[in-house]
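Chains as they are written, first to last, in our numbering: chain A, 1 to 71; chain B, 1 to 345.
In case anyone wonders, no lab produced these hints; they're calculated from the structure. Among the hints, erroneous ones may be present.
Said to hold, decoys possible - Lysine to aspartate or glutamate pairs mimicking DMTMM-like chemistry, simulated, CA-CA at most 20 Å apart:
(1) A/K54 <-> B/E264
(2) A/K54 <-> B/D253
(3) B/K332 <-> A/E51
(4) B/K332 <-> A/E32
(5) A/K54 <-> B/D260
(6) B/K261 <-> A/E58
(7) B/K221 <-> B/D260
(8) A/K62 <-> B/E125
(9) A/K54 <-> B/E302
(10) B/K332 <-> B/E302
(11) B/K43 <-> B/D146
(12) A/K65 <-> B/D269
(13) A/K54 <-> A/E32
(14) B/K256 <-> A/E51
(15) B/K103 <-> B/E124
(16) B/K89 <-> B/E124
(17) B/K234 <-> B/D184
(18) A/K62 <-> B/D260
(19) A/K62 <-> B/E144
(20) B/K89 <-> B/E125
(21) A/K65 <-> B/E264
(22) B/K256 <-> A/E58
(23) B/K98 <-> B/D70
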Amino acid sequence: MALGFSGSNGGIQEVYRQFVLADVDAGISKYENLLQRIPEEQTNVRNFYTETIKGLTELRQKMSKDLESSI
Amino acid sequence: MAVGFSGSNGGILDGRKISERDIVNRPLEVSYFVNNICNLRCKHCYVGYEEKNGALSVQEWTKLFDRLIDLGALTFGNVGKEPLLSPEKTLDLLKYLKQRKQKNPRLRFGLVTNGTLLERSLAEEIAGISPDYVDVSLDGTEKEHDFIRGQGNYLRTIANLRGLPKSLAQKVFISYTLMKHNKDSFGEIVEEMSNFGLTKFLVSPYVPTPSSNGSLALTNKQTVDFYQEIVQGKIINFSRLEGVEVLLKSDYDSQKPLIDKLTERRVIDVNNLLIDNFGVIFNRYPQSNGSEVVVNYMPFSETLSRAIRISHDGYVSGCLEMFHKDYPKRAKINLRNRDISEILV
Chain A
1 MALGFSGSNG
11 GIQEVYRQFV
21 LADVDAGISK
31 YENLLQRIPE
41 EQTNVRNFYT
51 ETIKGLTELR
61 QKMSKDLESS
71 I
Chain B
1 MAVGFSGSNG
11 GILDGRKISE
21 RDIVNRPLEV
31 SYFVNNICNL
41 RCKHCYVGYE
51 EKNGALSVQE
61 WTKLFDRLID
71 LGALTFGNVG
81 KEPLLSPEKT
91 LDLLKYLKQR
101 KQKNPRLRFG
111 LVTNGTLLER
121 SLAEEIAGIS
131 PDYVDVSLDG
141 TEKEHDFIRG
151 QGNYLRTIAN
161 LRGLPKSLAQ
171 KVFISYTLMK
181 HNKDSFGEIV
191 EEMSNFGLTK
201 FLVSPYVPTP
211 SSNGSLALTN
221 KQTVDFYQEI
231 VQGKIINFSR
241 LEGVEVLLKS
251 DYDSQKPLID
261 KLTERRVIDV
271 NNLLIDNFGV
281 IFNRYPQSNG
291 SEVVVNYMPF
301 SETLSRAIRI
311 SHDGYVSGCL
321 EMFHKDYPKR
331 AKINLRNRDI
341 SEILV
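Pulled out of the complex, with its shape left as it was, chain A reads as follows (with noise of 0.2 Å):
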């Protein structure tokens, strides 16, 4: 089978909203406390925290330039 990860998963479920600052920061607030909680020897889990914060910190800077570049 051709690379998809999980294919269609039935699309775009009807129930949604905007997805705002305000998720990403709660994302990377989250994060950071779950990280803090983690043993060093969990390094597997400590790595999919830190990546995470780094893709959500990446995401909010794309948000506030538009931002920004809009005003």
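Using the hints provided, position chain B relative to the given structure of chain A.
Frame of chain A; chain B shown alone:
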């Protein structure tokens, strides 16, 4: 319900308080390989793992499904190399998920197939179970499809698609792996399939792997151009069609540079993202006659947090590990002797 059925409801805030729940505790998506065998030898197949024996039984799978549902899994994709080479097991597992869905209506389950074995009698059985979706692979025109999947397979799949019961046809996503040689045919395929009542399309850019043919891949720029032209309505003539849904996907683990380019070019518009009730983040681009294009977006990896893949013999890992022959060594655990909760992050 999938893209497009909600008509003009797009972009409306539902008033729900923004919560970290949405991004941290999103429901698990499970892809389970019901087998590791296939009747085709596709040039773009990413599965490098070759073990065919040792498949989990129906009882082992259902026990595992129960555990995953307890842990919050809501999406179950029945995949394989080709799941319809194990029709009885596939039907049994779909039926089981259907039963579970009766208790938990948010559960969704589907099937991913190359379509060559989806003959009328089997399609009727599947329609009777009423899965939420069926992904059928189609990689271009007859010449393009057969170049990848082998001679005669386009006509086999098309014959089966044309014979689908209407109730199942409505749930089919035509799964199009985007490559150099087939990118110019996508518009034609959408029109042709729409004539059969097939109106949902999933586009995934081909990702080269150690076991597949790297020369098939588009550059990131070509893919971004293609996505942009789809969004702008330049590739599909939406005015001639009705209610077409096109889902453009990208995978964070293997395509981060592509995702960055899509955001740079504003094909992914980070300030107009939407989120559905399964935690999928996306941009929605309405087109004429009730059609729409959706661009899927993820700012970080979902592997083992939201998305897990289970091989036919019970190994769990992300998708990328399955590229390799020594997949069991790369996998995190085997669910025959360990609990899934040990590796979820």
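So, going through the hints one by one against the coordinates:
| no. | hint | verdict |
| --- | --- | --- |
| 1 | A/K54 <-> B/E264 | 18 Å, holds |
| 2 | A/K54 <-> B/D253 | 14 Å, holds |
| 3 | B/K332 <-> A/E51 | 18 Å, holds |
| 4 | B/K332 <-> A/E32 | 24 Å, violated |
| 5 | A/K54 <-> B/D260 | 14 Å, holds |
| 6 | B/K261 <-> A/E58 | 13 Å, holds |
| 7 | B/K221 <-> B/D260 | 11 Å, holds |
| 8 | A/K62 <-> B/E125 | 48 Å, violated |
| 9 | A/K54 <-> B/E302 | 14 Å, holds |
| 10 | B/K332 <-> B/E302 | 15 Å, holds |
| 11 | B/K43 <-> B/D146 | 10 Å, holds |
| 12 | A/K65 <-> B/D269 | 12 Å, holds |
| 13 | A/K54 <-> A/E32 | 11 Å, holds |
| 14 | B/K256 <-> A/E51 | 12 Å, holds |
| 15 | B/K103 <-> B/E124 | 24 Å, violated |
| 16 | B/K89 <-> B/E124 | 16 Å, holds |
| 17 | B/K234 <-> B/D184 | 11 Å, holds |
| 18 | A/K62 <-> B/D260 | 10 Å, holds |
| 19 | A/K62 <-> B/E144 | 38 Å, violated |
| 20 | B/K89 <-> B/E125 | 13 Å, holds |
| 21 | A/K65 <-> B/E264 | 12 Å, holds |
| 22 | B/K256 <-> A/E58 | 12 Å, holds |
| 23 | B/K98 <-> B/D70 | 16 Å, holds |
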